[in-house]
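Asks: Per the working numbering, residue 209 is the first one in the sequence shown, and the count goes up by one each step.
Fair warning: there could be bad hints in the mix.
[As the list claims (entries may be wrong)] For each label pair, taking beta carbons as the anchor points, the in silico distance ranges come out as: (1) Gly-408 to Arg-385: 18 to 26 Å; (2) Ala-369 to Gly-423: 13 to 21 Å; (3) Thr-249 to Glu-366: 33 to 41 Å.
Keep in mind that the hints were calculated from the coordinates and are not lab data. These numbers come from a predicted model, not from an experiment. Every residue, glycine too, gets a C-beta built ideally from N, C-alpha and C.
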Amino acid sequence: MPQIGITIGRVPPDPGGGLGLAPYLRALTAAGASPLLLSVTLEAQEFDELSARVAGLVFPGGGDLDPGRFGEPASEGLRDLDAERDERELTLARRAAETGRPFLAICRGLQVVNVALGGSLIQDLRRDLPGSLVHEAPDGLAPATHPVDIDPSSHLREILACEHWTTNSFHHQAVGRLGAGLAESAHTSDGVVEGLELLGHPFGLAVQWHPERMGEDPGMQSLFRAFVAAASKQAGRHG
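Using the sequences provided together with the hints, build the complete structure.
Replies: Below you can see the structure in the form of structure tokens.
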């Protein structure tokens, strides 16, 4: 059973509904993994030692990245900035890209991977991309959903065995400039990037939606199983 690290900030990831970390833990456990929390509240040495032990990494949802990380001034409407989390996740993402450690990045996590590899973000979709789909429902309403088109040549398409999917949506930011080595694997009809994968990497996938909140969806179960299988295989090579 491979151990999978989940990075968390000072406030656990929760895109609404009060579920926090539970869906991540449930999805990983169901896929055959043993989750390990990697909190930025840990001392740096302990954080590094624990993160070096895991077979794979999940970069979960959460607050916004500081725009200074991709060379832009901060705009209005940024949420839950966490400088320590930014620093540790960006470092881990670069390291995973360099070493071939499998990772699955979700929502904020997708944005972390993109920025870690030199990309940028659209800081607010409603303001900066007028006419875009609803990617985040107002507070108190049911989560937004929308269709996603999947690149037929992508690793994501291979896992899901489908080129169209309907997903949940909890984000107000999105990929701007694409990071080095990344390829778009999914998008919505308004052109917003919904999936990325790191070319030449054993398993470097990122999705803008929350697959852990779609636990009954066979495709999302397949995504977690494929990730855990890749982590287990990679751990076996280095074990």
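Asks: Next step is simple, just say for each hint if it's right about the structure.
Replies: Results for each hint:
no.: 1; hint: Gly-408 to Arg-385: 18 to 26 Å; in the structure: holds, 20 Å
no.: 2; hint: Ala-369 to Gly-423: 13 to 21 Å; in the structure: holds, 19 Å
no.: 3; hint: Thr-249 to Glu-366: 33 to 41 Å; in the structure: holds, 37 Å
Every hint from the earlier list agrees with this structure, and none is contradicted.
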